[in-house]
Amino acid sequence: MSSKSTKALPIDVLLIEDNPGDARLIQEILSESAQVEHQLQCADLLSTGLERLDKAGIDVVLLDLGLPDSQGLDTLSKVCAQAPEVPIVILTGLDDEIIALQAVRQGAQDYLAKGDADSKMLWRVMRYAIERKKAEDELKKAHEELKLTYEQLRESQAQLVQSEKVSALGILVAGVSHELDNPLMGILNFNDYCLKHTTEDDWRYQFLQDIQHETERCIDIVSNLLTFSHMEKVGEEAYQDESLAKIIDRVVNLLSYRIQKEKVSLTQHISENTPAIRLRVNAVQQVLLNLIDNALDALVGSQKKEIRIEVHPDGDFVSLTVADSGSGIAPKMLDKVYDPFFTTKPAGKGTGLGLSISRSLIESHGGDITCESKPGLGTTFEVLLPIERRKEDNK
Amino acid sequence: MMGNTMYQIRLYIVDATKSSTKAVQELEALLEDKLKGQYSLKIIDVLTEPELAEADKILATPTVIKTAPAPETRIIGDLSDSEKVLAGLGLEEPS
Amino acid sequence: MSKRILVIDDESVVRRSFVLALENSGYLVDTASSGEMGIERMEGTKYDLIFLDLNMPGLNGVETLRELRERDKDVPVYIQTAFHAAFADQLRQAAEDGMDFEILKKPLSLRQIADITKEILEEAKITE
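Residue numbers (our numbering), protein chains in the order written: chain A, 1 to 395; chain B, 1 to 95; chain C, 1 to 128.
With the rest of the complex left out, here is chain A (with noise of 0.2 Å):
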């Protein structure tokens, strides 16, 4: 034990006996040795001895199981809950060892047969029980510490892999994208061509001009897929500026087959001062793409379906907000939305874990994420982003 185990003189030491000739032995014992300076004081009733232990500052307690008010093990967890810091030390009569062992279990230090008490064995006895309270507390708390550890480990190892998920269907995306360039240029083209060599009043016309359009429409999906699926880790990307108004208007882009297939309603209103700010792109639509996303699982099977994106100036930060017309949260699983693994979408529809990247991919960058509802009338998510970066963050 290391030094710190000595305990601070004198050392007060309550007896709660109810029998008086033990009570004396006791007393006698104690003053025997006078090694230590100590103080003894005497309960022969529970009551009273839960009564001084309340005051605190008592170091050990002696404790006869069998009193007036109380008896066995029943005395004994009456005495932890008044005190739970306190080390006890069990007194048995010669028959009491199993009822003993008991105790210990239960959260007694040591026991001590009265008839075996000798100052040398009490003291020896007294103080193994305060040196093995102070180590079982340190352990508890450690336990506790490595509990706490293992939560926080567990919740990065999460956003670890789904970071890796997304890092693989960013690679095969970006793959796809790729394989696509060629035959829509093909297409595009060949279709250019037509189209120079046919005249505006031929039959073919219109629908050449058609298939135009929609090829293009075709390369913008594309393009927007390959900008979205970026290789660099999230983690690694360079800061730049760029409008919000851009990347707003990608991710609807990219999500535009289920806001039309849902039949949602998005509109976007975007202040005119809106100034551009100094972002790592791939982030803020990562967080973007996940907020319009629950939006958009927040409206199935509901009636309203709207969805209303905003963007303003809000002193030294940009305020976008996400507000949609669903049920809405529970207030009291308000708090609960950033926790990794929460999740109110049926099982294998969603992960939980993407509230709590975005919010440290918002985290990472200064700014702020928080959610308002109203059950019955919809949720907003507000992200402010910070205008200024600070200097050591500019690349």
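It should be emphasised that the hints constitute simulated quantities derived from the structure, not laboratory data. Fair warning: there could be bad hints in the mix.
Unchecked claim - Partial chain B-side listing against chain C, Cβ under 8 Å, derived:
(1) Val14
(2) Glu28
(3) Gly77
As the list claims (entries may be wrong) - In silico lysine-lysine, DSBU-like type, Cα no more than 35 Å apart, as pairs:
(4) B:Lys42 - C:Lys3
(5) C:Lys46 - B:Lys36
(6) A:Lys114 - A:Lys147
(7) B:Lys18 - C:Lys118
(8) A:Lys336 - A:Lys263
(9) B:Lys42 - A:Lys261
(10) C:Lys46 - A:Lys134
(11) A:Lys134 - A:Lys147
(12) A:Lys147 - A:Lys246
(13) C:Lys73 - B:Lys66
Unchecked claim - The following residues of chain A were derived to be distant from chain C, with all beta-carbon distances above 10 Å:
(14) Lys114
(15) Leu289
(16) Leu296
(17) Gly301
All residues carry an ideal CB built from backbone N, CA and C; glycine is no exception.
Use these hints to put chains B and C onto chain A, whose structure you have.
Same frame as chain A, now just chains B and C:
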């Protein structure tokens, strides 16, 4: 008129090649000669920052984009022809 | 003398796009469907401009560039690729090995091919 306007110019190149080094030197010499410091030149390596090139809709290197003063103009290709570059930047010599 | 252009790309779609785009340009356009064939074409013909695809089976873009540069150090070579970080490393290595080249975006429309080619080979065309 020309004395007070700051020219904003971006040059997109493949930085690691010898020919680009030459192109940068020639452009800088030209700008220094004609604009005498009244310009800001940003050089962007397409290999290092492809997303910027993508965002600026660059089609080929080298490309010079003049964004200020308006209107925006672009020049692609051989930058050693100084007349061509000057014309591209709207800095024709009065003839 | 008309200027000669060589287009090296394994995709027929791309080769045909270039041919169509430059149909009335006054330039002579040759095509090759692989790096090896492109090198062969260069034996005995001096080109004024070469368009080269980056990702080809067999001899890929960078390897073709290497061979090509041994035969002609000056011809402008435009490597066609999407502007994406994935390809940057190979290209940077090629440049550091001393090979000159420029980059051309893919995909391009017929008009873009025509305009850019003209701008590279002729006097400047100012786009506003």
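Okay, the hints, checked on the actual structure:
1. Val14: OK, holds: Val14 of chain B within 8 Å of chain C, min 6 Å.
2. Glu28: violated (19 Å)
3. Gly77: This hint holds: Gly77 of chain B lies near chain C, its Cβ roughly 4 Å from the closest one there, short of 8 Å.
4. B:Lys42 - C:Lys3: Holds: Lys42 of chain B and Lys3 of chain C sit about 33 Å apart, inside 35 Å.
5. C:Lys46 - B:Lys36: violated (41 Å)
6. A:Lys114 - A:Lys147: Status violated; Cα separation ~41 Å.
7. B:Lys18 - C:Lys118: holds (23 Å)
8. A:Lys336 - A:Lys263: holds (29 Å)
9. B:Lys42 - A:Lys261: violated (44 Å)
10. C:Lys46 - A:Lys134: Outside the cut-off at roughly 90 Å; violated.
11. A:Lys134 - A:Lys147: holds (20 Å)
12. A:Lys147 - A:Lys246: violated (44 Å)
13. C:Lys73 - B:Lys66: Given pair Lys73 of chain C, Lys66 of chain B holds - Cα atoms ~31 Å apart, limit 35 Å.
14. Lys114: Given a closest Cβ separation of 81 Å, the condition holds.
15. Leu289: holds (20 Å)
16. Leu296: holds (29 Å)
17. Gly301: Check passes; 40 Å lies beyond 10 Å.
Hint check: violations occur at hints 2, 5, 6, 9, 10 and 12; the rest are consistent with the structure.
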